[in-house]
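Trainee: All chains should be modelled from the sequences, with the hints used to inform the complete structure.
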Amino acid sequence: MIKINDLYFTYYPESENPQKALTAVSLSIKEGEFVSIIGQNGSGKTTLAKHLNAILTPTKGSVLIDGINTRNKENLWDVRKKVGMVFQNPENQIICSTVRSDISFGPENLGINRVEIENRVDKSIELMGLSKYQDYPPHMLSIGLKQKVTIAGVLAMGTKYIIFDEPTSMLDSLGKKEVFEVILNLRKKREVTIIYITHLMEEVLKSDRTIVMSEGKIVLDDSPKKIFSKLKILRSLSLDVPIIPDISSRLNKRGISIPSQIITTQEFVNCLKQL
Amino acid sequence: MELYKNTIFGFYREGDSLIHKIDPRIKIILLIVIIIFISFIRTFSGIVFIGLFLLLIIKLSNSSFFYILKGLKPVLPIILLILIFQIIFYIGEPGKILFQWNFIKISVLGIKVSCFMMLKAILIYFISSIFFLTTEMISFTDAMERLILPLQKIKFPSHEIVMVGVIAFRFVPTLVEELERLMKAQIARGADLDRGNLIVRTIKLSGLLIPLFISAYQRAEDLVLAMESRCYRGGEGRTRRIAKKLTILDFTSFIFTVLFFSLTFLTIRYFRLL
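Quick mapping for you: the protein sequence lines, in order, are chains A and B. Note that the numbering used here has the first sequence beginning at 1, numbered continuously upward. Note that the numbering used here has the second sequence beginning at 1, numbered continuously upward.
Hints in this document: simulated from the structure, not taken from any laboratory.
Some, not all, of what chain B presents toward chain A, calculated at C-beta under 8 Å:
| no. | residue |
| --- | --- |
| 1 | 174 |
| 2 | 225 |
| 3 | 228 |
| 4 | 232 |
| 5 | 233 |
The beta-carbon is built from N, C-alpha and C at its ideal position, and this holds for glycine as well.
Mentor: So this is what it looks like as structure tokens:
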């Protein structure tokens, strides 16, 4: 379980203009959850994510990963063994010259034995559907495949929690779809907790729980269904609203009543049929 | 990727030849042995011996002599320039002088020694080309790491040095792509990068270097984060994937080459050819 207690974080605290990035953030994430985090640029999503694997440590408050405090430098590697992170640009995350050697980079760092490394690498290559490409140099792959390589690299480390920091935002539409499908599969197949930062509302709809951030604070924390029934708040934060809740609210204004918890196309179609 | 196609950097050619199969560690050692040997020879008969040996290796590696020769083309002007300078400024026992003007002296011996040096340089080019044609970059860096890893015991940062090499090789195509993007962006805004003499073009290209450097730094920063979040902390406590075992082929090729060179050396010595 990840537990964040009253977390404050300020960039450049010693300088003339310190920038407050997080204010009084408290939350807990249970094992196996798929949590999405949304918010405008600069709302503190990435800063929060970086606290989870101890890239940043709190100015005030605490972050506990399975009871391990990230503030303590001695715990750094224990925290990172538990929490893996996939960043936005796959190009800058691939370290080695072939797909296979890059995926084994993480497990090699953990110092586990060779046979186990090969096993883990094989498994994550299969899980990501990269068998065909394992001896390819990364620059020969499409950007979507590159992102799959970075995900495989984190999976091979056997981390319990994986943070995705807008993993699809640099991909083309096909790549977006493929990578997100792979992430959804992960959620089905493995007992891995997913913390997913995104701008795409279609992706948010698939999560168990959504956290909305603004100006370094948590504004809403609920199931996507409930979040998307609060259109006024979302619009006031200049966030995109998924198309179905948007249409429903417009129809409601014109006197056609559609329940606010309807957010998927299928639900919407069924509801219209009953009218 | 137009630029990348023209770069001959690490131009590995896939193949299934004997030379391809030799363990890269052995190949590196042999490459060093051969280069040292080449730098020691002082007679044309020595050059002929090595030349024959190289022809044999080219045959065994299934590559073409002319293909490797073609790779020499871009550096040919530089080699010729060095040759001319060497002939003009040769200092040593003058012997028979063919032409003299001020401080410039051209002697028979000067021409002989300079041509000899050039031939040696070409031989070294050939043997290293064969090496890189038959060895993938990744197995090369891997072998380098294994070879210098024992030096870690005397506090030599072998792992770190190899890691820097690995990352540098990995980012060559990425940065070439980036450069190409920058060039296209400049061209789209009316820059004319192809015209002008060498100096004008160099100045124009320097405008691309600054954004290229900035983006390289940003990439480096991202890379550090990615590496650290994957638990990288230097070579200590790190395991390596299953190592390749040396085969009979490796031993035979090693023994054959060493024997060949020792015999050549002894023969030349014996007949006073060196």
